[in-house]
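2 protein chains.
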Amino acid sequence: MSVWPMRDQTAIVGIGETEYTKWGQTRRSEFQLACEAILKAIEDAGLNVKDIDGLCSYAGDRNEPSLLATALGIPQLRFSNMLWGGGGGGGSGAVHNACMAVFSGSANHVVAFRALAQGQFGRFGQSRTGQKVSGGQAYGAPFGLMTPAQRFALQTRRHMHLYGTTSRQLGAVAVACRKHAQHNPRAIMYGRPMTLEDHQNSRMIVDPFRLYDCCLESDGAAAAVITSAERAKNCKQRPVYIMGVSQGTGFQQGSFADKSKFDTANFEEVAKDLYERAGVTPRDIDVAQIYENFTGMVIMSIENHGFCKKGEGGPFVEGGRIEWPDGELPINTSGGNLSEAYTHGFELVTEAVRQMRGTSTCQVKDAEICLVASGPGVTPVSDMILRR
Amino acid sequence: MSVWPMRDQTAIVGIGETEYTKWGQTRRSEFQLACEAILKAIEDAGLNVKDIDGLCSYAGDRNEPSLLATALGIPQLRFSNMLWGGGGGGGSGAVHNACMAVFSGSANHVVAFRALAQGQFGRFGQSRTGQKVSGGQAYGAPFGLMTPAQRFALQTRRHMHLYGTTSRQLGAVAVACRKHAQHNPRAIMYGRPMTLEDHQNSRMIVDPFRLYDCCLESDGAAAAVITSAERAKNCKQRPVYIMGVSQGTGFQQGSFADKSKFDTANFEEVAKDLYERAGVTPRDIDVAQIYENFTGMVIMSIENHGFCKKGEGGPFVEGGRIEWPDGELPINTSGGNLSEAYTHGFELVTEAVRQMRGTSTCQVKDAEICLVASGPGVTPVSDMILRR
Numbered sequence: 003m004s005v006w007p008m009r010d011q012t013a014i015v016g017i018g019e020t021e022y023t024k025w026g027q028t029r030r031s032e033f034q035l036a037c038e039a040i041l042k043a044i045e046d047a048g049l050n051v052k053d054i055d056g057l058c059s060y061a062g063d064r065n066e067p068s069l070l071a072t073a074l075g076i077p078q079l080r081f082s083n084m085l086w087g088g089g090g091g092g093g094s095g096a097v098h099n100a101c102m103a104v105f106s107g108s109a110n111h112v113v114a115f116r117a118l119a120q121g122q123f124g125r126f127g128q129s130r131t132g133q134k135v136s137g138g139q140a141y142g143a144p145f146g147l148m149t150p151a152q153r154f155a156l157q158t159r160r161h162m163h164l165y166g167t168t169s170r171q172l173g174a175v176a177v178a179c180r181k182h183a184q185h186n187p188r189a190i191m192y193g194r195p196m197t198l199e200d201h202q203n204s205r206m207i208v209d210p211f212r213l214y215d216c217c218l219e220s221d222g223a224a225a226a227v228i229t230s231a232e233r234a235k236n237c238k239q240r241p242v243y244i245m246g247v248s249q250g251t252g253f254q255q256g257s258f259a260d261k262s263k264f265d266t267a268n269f270e271e272v273a274k275d276l277y278e279r280a281g282v283t284p285r286d287i288d289v290a291q292i293y294e295n296f297t298g299m300v301i302m303s304i305e306n307h308g309f310c311k312k313g314e315g316g317p318f319v320e321g322g323r324i325e326w327p328d329g330e331l332p333i334n335t336s337g338g339n340l341s342e343a344y345t346h347g348f349e350l351v352t353e354a355v356r357q358m359r360g361t362s363t364c365q366v367k368d369a370e371i372c373l374v375a376s377g378p379g380v381t382p383v384s385d386m387i388l389r390r
Numbered sequence: 003m004s005v006w007p008m009r010d011q012t013a014i015v016g017i018g019e020t021e022y023t024k025w026g027q028t029r030r031s032e033f034q035l036a037c038e039a040i041l042k043a044i045e046d047a048g049l050n051v052k053d054i055d056g057l058c059s060y061a062g063d064r065n066e067p068s069l070l071a072t073a074l075g076i077p078q079l080r081f082s083n084m085l086w087g088g089g090g091g092g093g094s095g096a097v098h099n100a101c102m103a104v105f106s107g108s109a110n111h112v113v114a115f116r117a118l119a120q121g122q123f124g125r126f127g128q129s130r131t132g133q134k135v136s137g138g139q140a141y142g143a144p145f146g147l148m149t150p151a152q153r154f155a156l157q158t159r160r161h162m163h164l165y166g167t168t169s170r171q172l173g174a175v176a177v178a179c180r181k182h183a184q185h186n187p188r189a190i191m192y193g194r195p196m197t198l199e200d201h202q203n204s205r206m207i208v209d210p211f212r213l214y215d216c217c218l219e220s221d222g223a224a225a226a227v228i229t230s231a232e233r234a235k236n237c238k239q240r241p242v243y244i245m246g247v248s249q250g251t252g253f254q255q256g257s258f259a260d261k262s263k264f265d266t267a268n269f270e271e272v273a274k275d276l277y278e279r280a281g282v283t284p285r286d287i288d289v290a291q292i293y294e295n296f297t298g299m300v301i302m303s304i305e306n307h308g309f310c311k312k313g314e315g316g317p318f319v320e321g322g323r324i325e326w327p328d329g330e331l332p333i334n335t336s337g338g339n340l341s342e343a344y345t346h347g348f349e350l351v352t353e354a355v356r357q358m359r360g361t362s363t364c365q366v367k368d369a370e371i372c373l374v375a376s377g378p379g380v381t382p383v384s385d386m387i388l389r390r
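Quick mapping for you: the protein sequence lines, in order, are chains A and B. The first sequence begins at 3 in my numbering and counts up one residue at a time. The second sequence begins at 3 in my numbering and counts up one residue at a time.
Hints listed in this document are in silico derivations from the structure and should not be mistaken for laboratory results. Don't take every hint at face value.
Note: identical chains are not told apart, hence a pair may lie in one copy or across any two.
[What the hints assert, rightly or not] Distance condition first, Cα-Cα at most 30 Å in a straight line; then the derived DSBU-like pairs of lysine-lysine: (1) Lys134 with Lys24; (2) Lys52 with Lys274; (3) Lys263 with Lys238; (4) Lys312 with Lys263; (5) Lys263 with Lys274; (6) Lys312 with Lys52; (7) Lys311 with Lys52; (8) Lys235 with Lys42; (9) Lys367 with Lys52; (10) Lys263 with Lys52.
So that you can see chain A by itself, here it is in the shape it has in the complex (with noise of 0.2 Å):
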């Protein structure tokens, strides 16, 4: 295969993030607190406003384009764009749209961006009598797959039947990314550390997910700006390259059909395009941050992504290995959605950033490259590969 077009063409400029708060604990909207995350990521790359011309979100982002422009002053919008049909799965996704744009002359400077405030509008994590259900949440909602927790449930406690996959070894990802955001104050479990007998000691939500094995509910917000290397020179700070980045589904993916696709975070296909984009393999991640609706789904990730073998995810999480600072894969090292905050997995690419400019909480001592691993899920995924 050819080299890539866009490998190292495109890079991250500005990232910035609202006060992640609780879950309906914020005074201000989804709008504010979109806007507010778009501003410091504005003013993190040191550019005005007047500078960006692109906006972008994913997951259904509430918030409307024509409205955040006019709230923010941007003169002149020239993209604007959604990754369609993913849920976590666009974190990653939604900065390769913007680099699609840049790339193609479409757009000099875009913000990729999510904001959430479940608080307001009610929570991923409940099922409601009478709820309309539609697409493909019409085929498990007769079994009573309501919410995502019973639908990543069954996937994870298939991946225990086949592999004998443990509680303790999903407790072990929830652990490391507590462990982390002890060192992060922006996250909202900071000053309040936990063991792996406090996992195991806490109620069960969905058999096999105990309350610490699901992501937070929390209300905030985080943004991203995009343009090409070229113009990165010329902005603050040192650029974060996207060395790779892909997104989509595999065959039958959106299908309960195919039982070979219950023990999987769905990343296969998807994972392999962005190491051929990317160029590099495994053995050459330094860091990553993999999406963690629930904790389950990081080791089907985890395992997609080459770092293991399928169905030896639950061993590998084990022993400190995934955790900062002596694990020789530290995942999520902000604390992620389990620990840091809620944001529908963008502070996961706000914290792959940090790590390239060396400026995590949880800095990887000379790490150079980091994968961001956006959602597991039916609907599409996407993942990226970032180099200082």
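Starting from the known structure of chain A, fit chain B onto it as the hints suggest.
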């Protein structure tokens, strides 16, 4: 300005559409309509569904890409994308997004489409008691601006006030579209000719819009396959090259704060980008497909695209100037949203391709360059220039 990198680098190689039927009369689901239009476009291109690796749409198309990919048998999806925040403003923009995916090496063959079975989900044209409004709608709803017709009537009335535009001039747009539909057996209004007097005698919907100033309410879907100019050479049909394509909004387009936004279809900045990217001027355009949710917006769109001066759009559309075969700028040669079908304007994209292939039922002689203007609106709009 240097040459736009994407000029002539991508092409539309296949088009497809379902049967178009009146609101509520299709026996198929919106999902089936989408699949049928997509499969027809793939067949038209001489490709196999296994060649397709991207899907994009706009205006919140209700289908889900994973389910479409599964149903169609697409082996791997590498791009799934939704123009964000547009209504009918997204037809050319969806093609734009597909072009970016192809040009950046992120996908090989992308299908852009729109499926719309309003009969199964409620009508755009009606508001309901207790209807929830959000975002930009919230600014107009307290003043009774609930439906698209109400909103655009306000703009059209202002154009009439400022420039003396008349109801008969609005009617000239409707008459031209209906005339073209008499040659097009696909058109819902095929076999139902209309005179200017019929227009004047039709009932008032929202002053100044009479029934025949409003787009159809219909069920159907349309699709187009986009690939690189290089791959296009190996496809079955003569490629139609995308010279330029742009999307977006100008300053405060999403706002009611600026009254200068009330007599325009909001294409000023987007059209400027478009002509620069394509390297042509309005004089080079042989035929145009101009989105008509309502006749008044066509007049403003014609002004925005530089075919006449601001305020002169009313006289411009008179005297058969926009009618095939003798007009100097034939528009909407299939009948368009007003008389062929309302697929949210994607039928204008497929008609533009036919004009460039030389296969329209109102074929403009020796036409080499075609403009597509997608949408007026407070949300992002988009437009493109195709060449044979």
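Checked hints:
For the identical chains of this complex, lysine 134 and lysine 24 are neighbours both inside a copy (27 Å) and across copies (27 Å), given an alpha-carbon limit of 30 Å. Taking CA atoms no more than 30 Å apart as the test, lysine 52 paired with lysine 274 passes between copies only; the shortest distance there is 18 Å, against 38 Å inside one copy. For the homomeric pair lysine 263 and lysine 238, neither the shortest alpha-carbon distance inside one copy (44 Å) nor that between copies (36 Å) is at most 30 Å. When the C-alpha separation of lysine 312 and lysine 263 is checked against a cutoff of 30 Å, the pair qualifies only within one copy, where the shortest distance is 13 Å, while the shortest distance between copies is 58 Å.
Proximity of lysine 263 and lysine 274 under a CA criterion of 30 Å is satisfied intra-copy only: 17 Å inside one chain copy versus 48 Å between copies. For the homomeric pair lysine 312 and lysine 52, the shortest alpha-carbon distance between copies (27 Å) is at most 30 Å, but the shortest distance inside one copy (48 Å) is not. Taking identical chains as interchangeable, the C-alpha atoms of lysine 311 and lysine 52 lie at most 30 Å apart only when they sit on different chains, with a minimum of 29 Å there against 48 Å within one chain. In the homo-oligomer, the alpha carbons of lysine 235 and lysine 42 lie at most 30 Å apart inside one protomer (19 Å), although the nearest pairing across protomers, at 46 Å, exceeds that limit.
In this assembly of identical chains, the alpha carbons of lysine 367 and lysine 52 never lie at most 30 Å apart, being 36 Å within a copy and 44 Å across copies at closest. Proximity of lysine 263 to lysine 52 under the C-alpha cut-off of 30 Å is restricted to the inter-copy arrangement: shortest distance 20 Å between copies versus 45 Å within a copy.
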